[in-house]
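Trainee: Chains as they are written, first to last, in our numbering: chain A, 1 to 276; chain B, 1 to 276; chain C, 1 to 276; chain D, 1 to 276; chain E, 1 to 276; chain F, 1 to 276.
I should point out that these hints are in silico values taken from the structure, not numbers from a laboratory. Here the structure is a predicted model, which is why all the values come from computation and not from measurement. Do not rely on the hints blindly, as some may be mistaken.
Identical chains share a label here; the pair holds if one copy fits it or two copies do between them.
To be verified - Simulated crosslink set (DMTMM-like; lysine to aspartate or glutamate; CA at most 20 Å straight-line):
| id | residue 1 | residue 2 |
| --- | --- | --- |
| 1 | 275 | 228 |
| 2 | 275 | 82 |
| 3 | 275 | 85 |
| 4 | 268 | 73 |
| 5 | 41 | 99 |
| 6 | 210 | 187 |
| 7 | 41 | 102 |
| 8 | 275 | 259 |
| 9 | 268 | 71 |
| 10 | 28 | 39 |
| 11 | 4 | 39 |
Protein chains: 6
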Amino acid sequence: MASKTYTYFIVSTPAPFVAHVEINRPQKLNAFIEAMWLELKTVMDALSVNPDVRAVIISGAGDKAFTAGLDVEAANIQGISDSNDVARRAAAIKRHIQEFQDSISSVEKCEKPVICVLHGYSLGLAIDISTCADIRIATANAKLAVKEVDIGLAADIGTLTRLPKVVGNFSWVKEVCLSARIFGAEEALRVGFVSQVAETKQAALDAALKIATLIATKSPVAVQGTKELLNHARDHTVADSLRYTGVWNSAAIQTSDVERAMLSGLQKTKPRFEKL
Amino acid sequence: MASKTYTYFIVSTPAPFVAHVEINRPQKLNAFIEAMWLELKTVMDALSVNPDVRAVIISGAGDKAFTAGLDVEAANIQGISDSNDVARRAAAIKRHIQEFQDSISSVEKCEKPVICVLHGYSLGLAIDISTCADIRIATANAKLAVKEVDIGLAADIGTLTRLPKVVGNFSWVKEVCLSARIFGAEEALRVGFVSQVAETKQAALDAALKIATLIATKSPVAVQGTKELLNHARDHTVADSLRYTGVWNSAAIQTSDVERAMLSGLQKTKPRFEKL
Amino acid sequence: MASKTYTYFIVSTPAPFVAHVEINRPQKLNAFIEAMWLELKTVMDALSVNPDVRAVIISGAGDKAFTAGLDVEAANIQGISDSNDVARRAAAIKRHIQEFQDSISSVEKCEKPVICVLHGYSLGLAIDISTCADIRIATANAKLAVKEVDIGLAADIGTLTRLPKVVGNFSWVKEVCLSARIFGAEEALRVGFVSQVAETKQAALDAALKIATLIATKSPVAVQGTKELLNHARDHTVADSLRYTGVWNSAAIQTSDVERAMLSGLQKTKPRFEKL
Amino acid sequence: MASKTYTYFIVSTPAPFVAHVEINRPQKLNAFIEAMWLELKTVMDALSVNPDVRAVIISGAGDKAFTAGLDVEAANIQGISDSNDVARRAAAIKRHIQEFQDSISSVEKCEKPVICVLHGYSLGLAIDISTCADIRIATANAKLAVKEVDIGLAADIGTLTRLPKVVGNFSWVKEVCLSARIFGAEEALRVGFVSQVAETKQAALDAALKIATLIATKSPVAVQGTKELLNHARDHTVADSLRYTGVWNSAAIQTSDVERAMLSGLQKTKPRFEKL
Amino acid sequence: MASKTYTYFIVSTPAPFVAHVEINRPQKLNAFIEAMWLELKTVMDALSVNPDVRAVIISGAGDKAFTAGLDVEAANIQGISDSNDVARRAAAIKRHIQEFQDSISSVEKCEKPVICVLHGYSLGLAIDISTCADIRIATANAKLAVKEVDIGLAADIGTLTRLPKVVGNFSWVKEVCLSARIFGAEEALRVGFVSQVAETKQAALDAALKIATLIATKSPVAVQGTKELLNHARDHTVADSLRYTGVWNSAAIQTSDVERAMLSGLQKTKPRFEKL
Amino acid sequence: MASKTYTYFIVSTPAPFVAHVEINRPQKLNAFIEAMWLELKTVMDALSVNPDVRAVIISGAGDKAFTAGLDVEAANIQGISDSNDVARRAAAIKRHIQEFQDSISSVEKCEKPVICVLHGYSLGLAIDISTCADIRIATANAKLAVKEVDIGLAADIGTLTRLPKVVGNFSWVKEVCLSARIFGAEEALRVGFVSQVAETKQAALDAALKIATLIATKSPVAVQGTKELLNHARDHTVADSLRYTGVWNSAAIQTSDVERAMLSGLQKTKPRFEKL
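Bound conformation, chain A alone (with noise of 0.2 Å):
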């Protein structure tokens, strides 16, 4: 994989196929200022389409958090319009938001399985982003927030839209962002907001490692297929479901890769795939 270098973000190769990234803003708990949510977004949009990368590990730099959320600065609304009317204050804001969420759902959007290990702090932004990766992780020591309403808004970059939809328990999930209270990694693990909990940061980065590197050794059209039909599923009917992925499947079934995976699998060899 080409390197890159980017401001607030190092992003590695720790494994072939895998791509790590890391929010690089430590000494800030690697709290968010707008450059860097606008940054997200051209990493994710990249490693979405580099036919390097099959899957992606996000974590923060640092020991001390994931990320404590935003900046205090970049959340001055008062910047947004230089207008007093309310009106034209709201579709500043409502640009604002729209670009915000978009520079977020990248992370979602990103073609390749994403795995997001949340560590030490991980408040209000930590939550949206890790709402939109595929498989979340947790330190044993993770602080993890819904902490908008104690700012004084509700959340509003996808926690709030995201959350009910990767956990099943209604009545927790209200209760924690309408408190804005803090819990901890085994309460996570316990109603289902993440599937693993490991001791340290290294612990949790090297059991997204070991699950990134088996993903990567899949077949990606297959890989890729599963995200994005698991992703469909969420939003849509059983019935439109079924209806896309016969759509889906149509074409990517066609590939070469059904019979490598099938002959690896009789010949217990490792199989190799063409690069997507």
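Assemble the complex: chain A is given as a structure, and chains B, C, D, E and F must be docked to it using the hints.
Mentor: Below, chains B, C, D, E and F without anything else, positioned relative to chain A:
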């Protein structure tokens, strides 16, 4: 909060900005007759727009039951129509069910968060009501059941509609709805139907009050927006809810609560928010 | 129930009003060829309208497997079309997938509740079938996997569509679908994929029979309405399902089962319901 | 039909089973103030369940106008909230709009068909109301307009929601909504907004009465079901509406009206149907 | 095309790749009995996958009628169930309606475009069938009506579901459905129910054949994709249909038909396309 | 409006607050190559947020064509992917189509109303673009066609998705899409595809300018809200759009434009609105 007297409900104010609604027909295990569900809507509609209320707790009066469900006399389908024509009876029944549904849905439509304390017998209508609430807490002795098939009908006041959306374990949901068997608080906690279990009714009420009080200290703009957006997300695609969220917050974020909340956060003081 | 002989399925009546369907190709670990999934639809469509059936149990014949999934020979994508044109092959594949989906969906469309006992190897198609069932029980030794990515394709017969709707833990759903790893009964119970685990296949069948028998004692009008309304709720908004429910029950509630069920409740007798 | 006196509406019975509702504030061109739209809902809700009513006609009293729209005094947005906080004002406005929408939607929710006669000035709210009606007739002199942009706001009581669904010419719909220009009856007929044009108000009322009387001779089970199913179709997929239709008619078809209607058809007599 | 004999339909091949289906019970004005609609599905399902068919024309045999609708004897609701229980009768009726709907929907599900020639009496079921077709042509003498309310029921085989989606004049749609009045070809053309009117049945068949023949010269990949995507659009949001379209064409565009069609365009020759 | 130079488009300001976009490749009948549709998005995105623009007109440069559609060289499907694997080619094609769709959809997403003047050859992409516009005007000599089936493919850039939603005559929509035949301005007017026909290109531009100028005099808050709400209505149920409308206007109505517009109405003066 101006006190108001109801026939079947006690409404009190256990803490500032917190209302406590008690179903008050304990001698009948708080079983519902038609006048009760109509009055429930009156109660909830009033709390919904009462600026002195920021969180609501619902429980049953007495030690025995949240509610044992529909009172048998109220289940008199025969009396709904005096026609012998199947279609005309059907029309009358449909109107009756819709009015009943509307009454119970007032718990969901209440703009303020509702915490439901399920204690003792919590059968039939108890599940309909509690799935409309935002947060569910049960006492250790709670006897819960989707009881309707035992009286020959499919639950039609909301349980079958909402239970699959508040609990992410469809196998369990179907089992309890098809079998009408009683389940306890621990099981309810394990599958995610309730998010907390307390030893006694008093302990459960204390836990509810603790959450309600916490929520009541937050910005009502943020809290009420959070409830609305979570409920919207339940019924819409991610794309649709992100769009709705952007429009919602284009007005909501212009509130002075954001500044007040942030200042209080920095100054470690308790913010005071204008009524809503 | 009039007995009927099938080639790949054994259908028996272990208790009144309870049908037991066994996938019967144990020498091949109950792996599916095309004739089998077509016959499965024949079996389920017949049970769906058979008035002597009120609940259905599905398991595999033999000790080794519910089903090991698709038989390799059936996976011959090449043979589906004799054209070399990609679009024409796609059209043929799409028709093939739709017919396959329709066959498996017959388990979901069956008007009577279906309880699925997953035992031994329960791979690929086993998950497609079981997510169509209403209630899932696993044996302690069950080896479960969404196996499709291992043969180079995204699962297209229903698993990716229905699994996110029966299990409310999207991180786990994605992990097992993307990695194709095997998971066991305890894990399936913890995340809510199955609602019960039994030590042995016999114990699991006994548990299934117990639930089936209980359901079979209830009003079939109430039971079948409950299944329909729960499945409707999964795919619709709350408002839509409440409306549908009102119309559904405007006819269903006019049944004599309500009176019979209530009387039996008062008299502590066992109600007898007309066939449906 | 028991006569009932309203403040802003005249309700009469020009023919058996036909109600005529007149907006009665002719001295103000039937412009609406808040008390009027609240009363409109009272009127329509009563007609909806009145068994002596099978079809409803709506027109304006006097020669000049169906309605000139919202009375300027009622458009006092300032008075809706006494808070200066944008979010709190927004909350009050939202509640106000919803109540207003609910009032006008009562015309659509009326279970009996509603025929709207648009005559003279038919501006703003006239379009909101008429798009809720089932059948629209205009007089040759009608002056129609989606007038709201001329007072600085997007129409929010239903026109922008329903007009694209009652007229299949999106270019025209957008042009009249964006420009607020007045259009006449012939244009309305050509694009399909109205289905008939009459020379005078009286001729239009006669035409409406002719249709209403014809509808009133039909089975009310059939007529009311037809209205419900057409409105359902507007908002749902074909598959969803076919499913809903099947359930609806599973009760409705059991009516004795079918036999009566068929017999009358054979015997060339006029059928008499039980009230609904 | 291999000829096949049906009982109630004549299927011929008036031109290469064009099938003509005639409803063949002229002595009864082509009125439908149950065996007919079941056979219609057999006919359409066969044409749908017949590679020698690229367009289908439907008309009635004889001069008098496309179809006069349901045969009275087939409308025997009584005979559908031998139970006296309302709910059990409702269940039987619902199954009956669904099977009937499925039969007629086969016209819509046919993968090849269907052109419907409405001539003479075209009542009730004629509208159900024609709204399933892609293109509608009427003869000048056609007598059309949504006739169902005249026999005491709301049309339930598709008219009320599809008519509002094929005609963008909701006022007219409601008027003809609620009044059951007969309308002629010119009116049908004006409101957009049919797209062409011909003087005689033969002229209408000629016009249909001309369109069918034209369509049959085009790439079947392009034509069948166009039908599928237009029907998808009718039932989905713009965003959803764009997404579905992209997946559909990701396979379809790989066809050699594109090159052939382009070459033919340049060389002014008639392209030949492989069967589909 | 700051002038900006584009390669394939001329953007001018024929009147205050009105932008005119001309597709500028007249020597090739304004046929599109990839660089053009990418630049179209750049143009539209800029106009969308340009406060000096309140309405946009789109036409082709030169006398001959709005656009003859896709340039043949741009239709090179072969070059999209260098893989021979069907699935990998499909993935590349899908990305290509989505980017193309996104580019054209910028016309719909433009927050300001867009008026499209169709003149001369208006084939293929001309229909995709014009169905994204809000208002369509044609010249008497316009030659319109959904041309894609003639090059072997189903239109995939939006026509098949949007045409059924802008024209309420599904029979006609299907006929022109399936046959690729050319239709003229009068036919387009009759079926409601365009809302106006002008004799010459200049007359059409004058008509467009007249509407654009009229719209530009209105409150931009009202106009832009009207466009947004009409587009929302197209894709949502009535209930959903009413809810969205209430939230939208809860901010928008707080604008000072309402007061200014009302005052101007009373004083018969021309209101001046702040930019948006």
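Trainee: Now tell me if each hint is right for this structure.
Mentor: Hint check results:
1. 275 / 228: within (18 Å within a copy, 32 Å between copies)
2. 275 / 82: between (49 Å within a copy, 11 Å between copies)
3. 275 / 85: Between copies only: 10 Å across, 53 Å inside.
4. 268 / 73: between (56 Å within a copy, 18 Å between copies)
5. 41 / 99: both (10 Å within a copy, 16 Å between copies)
6. 210 / 187: between (23 Å within a copy, 19 Å between copies)
7. 41 / 102: both (8 Å within a copy, 17 Å between copies)
8. 275 / 259: For residue 275 and residue 259, the Cα distance is within 20 Å only inside one copy (16 Å; across copies 27 Å).
9. 268 / 71: Close across copies (18 Å), not inside one copy (51 Å); limit 20 Å.
10. 28 / 39: Within one copy only: 17 Å inside, 39 Å across.
11. 4 / 39: This pair counts as within: shortest intra-copy Cα distance 12 Å, inter-copy 27 Å.
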